[in-house]
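Chains as they are written, first to last, in this note's numbering: chain A, 1 to 328; chain B, 1 to 265; chain C, 1 to 284.
Take these hints with a grain of salt, some might be off.
Claimed, not checked - Computed from the model, here is a short list of chain B residues facing chain C with C-beta under 8 Å:
(1) Pro109
(2) Ile111
(3) Met156
(4) Phe207
(5) Leu238
(6) Leu239
Calculated from the structure, these hints are not laboratory results. Everything numeric in this text was worked out from a predicted model, so none of it was measured. Heads up, the beta-carbon is just placed ideally off N, CA and C, and yes, glycines get one too.
Listed below are the residues making up each chain.
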Amino acid sequence: MKKIIHLDSIEKRFADTVVVPSFSLSIEEGEFLTLLGPSGCGKTTLLRMIAGFEQPTTGEIFLDEKPLSHVPPYQRDMNMVFQQYALFPHMTVEQNILFGLKMKKVNAAEQQKRLEEVLQYVQLTELRKRTPKQLSGGQQQRVAIARAIINNPRVLLLDEPLGALDYQLRKSLQLELKNLQKNLGITFIYVTHDQEEAMAMSDRIAVMNKGRIEQIASPAEIYNSPQTLFVATFIGENNIFRENGTNAAIRPEKIKLYPIDSDKDKHKKLGTIADAVFLGNLRKVFIRLEGQDMTVMAHQYAGDGLDWQVGEQVAIGWAQTDEVILPC
Amino acid sequence: MKTLRRNALSGYSWLMLVFLYLPILILVLYSFNDSRINATWTGFTWKWYVSLFENRQVMQALMNSMTIGVISSVIATVLGTAAALAVKHYSIRWSNIFNGLMYLPIVIPEIMMGLAMLVLFSQVQMELGKVTLILAHVTFSMPYVMVIISGRLADMGKELEEASQDLGATPWETLRYVTLPLIMPGIIAGFLMAFTLSLDDFIISFFVAGPNSTTLPLYIYGLVKRGVSPEVNALSTLLIVSTVLLVVVAEIFRRKDSKNNQSIF
Amino acid sequence: MLNKKPVKLLALPALLWMGALFVLPMLMIAVLSFLKRGTYGQVVYEFTLNNYIRIFDPLYGQIFWDTLVVAVLTTVFSILCGYPLAYYISRLEKSTQQIWLLLVMIPFWINFLVRSYAWVIILRSQGVINTFLQSLGIISEPLPLLYNSGSVLLGMVYTLMPFMVLPIYVSLEQMDRRKLEAAYDLGATPWKAFWHVTLPMTKTGVVTGSILVFVSSIGMFVVPDVMGGAKSALIGNVIQNQFLSARDWPFGSALSIVLMLLSMLLILLYFRATKASETKEGSA
């Protein structure tokens, strides 16, 4: 695969505060890369630097090996889908979608041809004469995407594009977006704070915290082999055991519960069940450890036939291979 | 007890509204009174209005007011809009300094602005007349235009302009196709406000007008100093009616498609 | 950032305009106030402090004092008239609120001169009130309602009151209603809640309104000119007179510089006051 975007020792400071400390990153052509992190972690700033709305304080961004620092946003071969869509309220759906082609002085016949294609693609043909105000949130979102992809950008930047929608709609649009990306083959750089969304859609996830990229890897790798404590606790749920200057992370679903009198070899720790929450497919069991100020969470499959009672004494254990050792 | 208090408050508020409007209504009413000399109502008449339109001095003052109003508000709107567009891109520190300078004329006593400009025009030996009036009117109305348009721009946010640039529009194309169409109601409101201020201004015009550039308020002042007359009532009524119309229309434009309904004054 | 530069230059014409027609004239006045007046009213370019010393002449001292008294009274009456009105408006439904606000705003835009003149029609000796009372036989001679300091005060409050209503309304709107509800919960009577919660929280609005009214009234010359008598001249009338009839521009400039410094001082105090109250609220 070919590198499409390369960030070389990028750093961003506002006044004297470092928002994004220096780092480098390469993004491959056709890739779906997600920048994931809590709000204020610098992911939007990073996206805006790639789009050209912010300049990195030091470092250089390359698109197809060409440096971008003197290329204004309107000459970068990328398009952005904004968080609140930023549709032009004084234009119809059609005019909104055609705006990019008009600005690039594409000839009228070509404009019409591509408009019809894109309208068909996002299923907005019937709503083409409406103004953004007359559309639902989901429809506005489609217009925003259509307005960007009609330009055949090299890279599509998406800033929390589903953030303003309700849960159900978000779920179905996640799939649609993923399919869109596969079919068009455009590189997506996607910003979100929703880890489920990131997991469901991305080829690679860059987990960000306080401006730093903590880890870049596939969703499975991020989940199974977190490299930092932040990644281990931010993605999914985790139990962290601090022992002898190291942290061991064990996912709740890897923790097994045993009655006290069973096979003692598998027991790692003893405790009392503090709470058990039934969630349909699984049961979340909270175990208060003996002699330690810590509560462990264990996911037990609801169908395993075992019934754990609050107050019951149990032993917990896990396979050595499920233990992830993290630096402090 | 609670309703009593509420009624008292509502009664008092209506009383204040009566206090604000009764004198104006009486003035309007007496412009239709047949009697010239006293306050007794002797019958309805249009004759004072007819005599206004036959009065060459009144027509000349009206023409002066209109010319000065239109020219000064066009200039104020163009300069004010351009400034508001630029200041949006300044850092907080510079925009504070710039706004401070721009809004200073709003808080300085009007009489001072008037005489300061009189001093300026006499120092550069400019003859007082329509030109000096236009220069002065632009100076005091431009800040108001800027306030209105800056409000509109702040309301719009920066996302739409970014989206436009992202789609390949240069800064000038963005201005032409996105920003200007979106702030147009604000520009119209600003223009109407500037025109109203110009049409209404007495204090500053009083200092910088010449013998052949009497505006309507200056003409009214001349008549008022000579005493009450039905012609002044009629002329004042015309000024009141046009002011009210202009302000209401400007308010409608300012609030059009705007999230911010806070009224300015 | 390079691409934003041309847009930033758009402010230049406005800046030059304000520099030439506002800042420059103000500086000229400042210079003029230190110069001498020649025998024929012309300006003599010699430095003097006499114009400022002359201000302490008891004659002008009296007028300055009168101006301050009228300005303070105008401010107080405007608060008394404006606060309840603003309070009432802030309690109305949103749509009705907009109508009331527009109604309060409209007189503000109507010409000062015309609004003062309207009172002349009502108050003069052959005016509406006197004619009415005489026709009822209550009085035989017309009452001297016009051309005194009372009528000047009435005219000032009438023309400047809208300045008070809007800032107070804004601060009432921005007020955190929960604090008021908390006061009621703790058993405060409506009067106590108003006095200890609402009023302190709307202080900024009252102060803003007071500044606007006060600054406008100390520079006012139209109302005293139209509704006042020979004895009710305020500092604004004196300045107007120095420039147009007496032709003593240096002295007129000195008077207006003092007037401006006075308003500036007030605005400065206002910023101090609001800042102090903000930090107080922040730490509470």
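Do the hints match the structure? See the list:
1. Interface hint status for Pro109/B: upheld, as the beta-carbon distance to the closest one in chain C is roughly 3 Å, under 8 Å.
2. Using the Cβ-Cβ criterion of 8 Å, the hint placing Ile111/B at the interface with chain C is satisfied: the shortest such distance is roughly 5 Å.
3. With its C-beta approaching chain C no nearer than about 15 Å, Met156/B sits outside the 8 Å limit, and its interface hint is violated.
4. Taking 8 Å as the C-beta cut-off, the interface hint given for Phe207/B holds, the closest approach to chain C being about 7 Å.
5. A hinted interface residue such as Leu238/B counts as satisfied when its beta carbon comes closer than 8 Å to some beta carbon of chain C; here the least separation is about 10 Å, so the hint is violated.
6. About 6 Å separates the beta-carbon of Leu239/B from the nearest beta-carbon of chain C, less than 8 Å, and the hint is met.
Going down the numbered hints, you'll see the structure goes against 3, 5, while the others check out.
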